[in-house]
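Novice: For reference, the chains in residue letters:
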Amino acid sequence: MTAWARRAAPTLSAWALCVVLFAIGAIHSSGFAAWDNIRDLLVFASFVGFAAVGETLVVLGGGLDLSVPWVIAFGGIQLSHWASIGGGAGIVAVVAVGAAIGFVNGVGVAWLRVPPIVMTLAVGGLVQAYLLAIGLLQSTGNQLPAAAVDIATSRVAGVPIVALIWLGVALLVGGLLARAALGRKIYAVGASETVAELSGVDVRRVRLQTYMLSGAFASFAGVVISGYVGQTYLDIGNPYLFTSIAAVIVGGASILGGRGTYWGTVAGAMTLTVLGAMLPLFGLSPAGLDIVYGIVILVGVWASTAGGALVLGRIRHHRRRSPQLPGAEVQHAP
Amino acid sequence: MSAATTAATPSPLVRRRSRRIPWSALSTAAIMVALGAADVIIQPNLLNLFQIGLLLQTALPLVFVAAAQTLVVLVRGIDLSVGGVLVVANGLTVVTVGGAGGDHQLLLILVLVVGLAAGALNGVLVGVLGLQPFIATLGTWTIFNGIALTVLPTDGGTPPPWLINFTLGAVGGVPNTLIILVGVVVVWRILCATKLGIRIRAVGADEDRASLNGTSVLAVKLIVYSLAGLCAALAGILLAGATSTGTPTAGDAYILTSVAAVVIGGTSLVGRGGGVGLTVMAAMALTFISDIVNAENFSVWVSVAASSGLLLVVVVLRGVVEQVVERRHA
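Residue numbers (the working numbering), protein chains in the order written: chain A, 485 to 818; chain B, 5 to 334.
By construction, these hints were calculated from the structure, which means they are not laboratory data. Any given hint could turn out to be false.
Claimed, not checked - Among the chain A residues that face chain B by a calculated CB cut under 8 Å, a handful are:
{"#": "1", "residue": "Arg597"}
{"#": "2", "residue": "Val713"}
{"#": "3", "residue": "Gly714"}
{"#": "4", "residue": "Gln715"}
{"#": "5", "residue": "Tyr717"}
{"#": "6", "residue": "Leu718"}
{"#": "7", "residue": "Ile720"}
{"#": "8", "residue": "Ile739"}
{"#": "9", "residue": "Leu740"}
{"#": "10", "residue": "Gly742"}
{"#": "11", "residue": "Ala787"}
As the list claims (entries may be wrong) - Rough simulated footprint, nothing fancy, chain B against chain A, three-plus residues with beta-carbon under 8 Å:
{"#": "12", "stretch": "504 to 510"}
{"#": "13", "stretch": "725 to 737"}
{"#": "14", "stretch": "757 to 767"}
Stated by the list, open to error - Residues from chain A shown here face chain B by an in silico Cβ test under 10 Å; the list is partial:
{"#": "15", "residue": "Ala517"}
{"#": "16", "residue": "Leu548"}
{"#": "17", "residue": "Ile569"}
{"#": "18", "residue": "Ala613"}
{"#": "19", "residue": "Ala617"}
{"#": "20", "residue": "Ile618"}
{"#": "21", "residue": "Thr637"}
{"#": "22", "residue": "Val640"}
{"#": "23", "residue": "Val643"}
{"#": "24", "residue": "Leu692"}
{"#": "25", "residue": "Pro770"}
{"#": "26", "residue": "Trp786"}
C-beta: ideal position from N, C-alpha, C; glycine also.
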């Protein structure tokens, strides 16, 4: 019980926070729990969710990716420039180039031993420079291929396709982290590079793979976000630097690596989105929203580290003799 | 001078340092001089104290934000909230100080106190609550941005005229901005010589050992983060003076640039030394890049590419050199 609870507590508390916030919104205004609103919330949360896939993997491995906002902008802008090769092929191509950008990050961090903040900052700057340059050279492409718009806006039986894709991605990434060898290696590298190395994990390769996945998913996020907005612009990714990292942290992952889950990040993305939709109902200006956002992050991270351990310690103390949850150990066996 | 107390521990360090050539400082100086020379070749009229003063007017906000970042990085932290403190101070300068009209110079002290308090909040979150600096300051960055938007919702307002005159002014032909720049470096050198300076380095090198040697790690962190808040507030005031207006969204661009300046300067992110002097040189190098780009009418992407490229090249080269040196010593 205790080992399972310790591991699952941050994820569960993130979900609890999300549910509580949603309930407050629903009680305050009847339209908040309407399907139309929930559908919009899911779509917006999925944007954060896609942007935060890579951030989750990189942070779990003990790194950080600051190039995410620029790769998001790249995904949308490059796709509009490559509209001639067809929507589907264009999306595959920009996601592949996104992975290549991640490859550069990974090589810098893993082989050249550049601190992740610096490497991803510099690469993000170069991507930004590239986008500024093609924006000047070819002022034509602003029009996104229909495929990107379709992915972002169509629905299947009333459910947005992006939400379904997000569910698929969450199952995949969640499974990867919990079951696949790569997932376990990411945790090992994040917990202790030296121990991982001594246990036969190719630390550099694992690092490289997390940054490549980060680039690919950030680029895909750019495709979906610009498809939803209907156009591309340079600053489209800017809000996602903050929200992608915040979602990971509110989701209970440790910024030092080795601890956290993608399902926690999903909860973090939903929490931030619900919060952003809810606060205007209470008459808060965008400035007030910023302030509350900041406080939520600070409280969330405090609760998932020091404060959480404090509360959990008490619970454990009270329930020392409580029976084990059926299947709990099996479910989370490494 | 308390030579007896300081001589006990740091003497081996001092001896070793005097033997080694300070490659990091030399390489940063070389980058700055090269870019500065290129700038002068392109615009020969830059060799004129008034023009230097104008160039420094645009450089000083970055210099102060980068100095703030350096202080925090020296104790192995990072401060994303410097941009937030900058815009809060910027807004207060045009709204409170500018709005008061007349010669209310003392009101600037209020702005500086707000900066100190904002920095102290970071210090409490990091030092007392034990939050990771990156996350703690990510949270306060957003909070300060929100406060800045409350103080000054949109671009506008005017700083007090005496502030604008001050940033344009000169004493005996020497521009005030140049005096401030030299002042930053001098204050840093003095700080280095004090006990506090030594303790900052000690905490950055190894918190546990610093603590065992009687340094209060908590106190050092509180002071360092507060000083960083003070420097960021000064940047906000000087930005208002330089642009003659208030911009509540100006801060974000400075955050990552300040980290870039720290790294290009050669201050280690993992507590292996560095200093504000190095960062000031790097901030000047970055300023020269954007000045050259402006003078040549290149488009913006050239400036962005050159700064990021410089960051990448410098950091990769330093990493390679470090690995080679390590291998030779091993």
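Novice: Could you run down the list of hints and mark each one as holding or not?
Specialist: Hints, one by one, checked against the model:
1. Arg597: Result: holds, 5 Å to nearest chain B Cβ.
2. Val713: Violated, because the Cβ-Cβ distance from valine 713/A to chain B comes to roughly 20 Å (cut-off 8 Å).
3. Gly714: violated (24 Å)
4. Gln715: violated (20 Å)
5. Tyr717: violated (15 Å)
6. Leu718: Cβ of leucine 718/A sits 10 Å from chain B, so the hint is violated.
7. Ile720: violated (15 Å)
8. Ile739: Constraint on isoleucine 739/A satisfied, holds at 5 Å.
9. Leu740: Constraint on leucine 740/A satisfied, holds at 7 Å.
10. Gly742: Constraint on glycine 742/A not satisfied, violated at 13 Å.
11. Ala787: violated (11 Å)
12. 504 to 510: violated (count 0)
13. 725 to 737: holds (count 4)
14. 757 to 767: violated (count 0)
15. Ala517: Hint on alanine 517/A: violated, closest Cβ of chain B at ~27 Å, above 10 Å.
16. Leu548: holds (7 Å)
17. Ile569: violated (24 Å)
18. Ala613: Since chain B brings a Cβ to about 3 Å from alanine 613/A, closer than 10 Å, the hint holds.
19. Ala617: Alanine 617/A check passes; min Cβ-Cβ to chain B is 4 Å, inside 10 Å.
20. Ile618: Holds - the Cβ of isoleucine 618/A comes within 10 Å of chain B, reaching about 9 Å at its closest.
21. Thr637: violated (30 Å)
22. Val640: Violated - the Cβ of valine 640/A stays beyond 10 Å from chain B, reaching only about 36 Å at its closest.
23. Val643: violated (32 Å)
24. Leu692: violated (16 Å)
25. Pro770: Since the shortest Cβ distance to chain B is 7 Å, the answer is holds.
26. Trp786: holds (6 Å)
Hint compliance for this structure: hints 2, 3, 4, 5, 6, 7, 10, 11, 12, 14, 15, 17, 21, 22, 23 and 24 are broken, all remaining hints hold.
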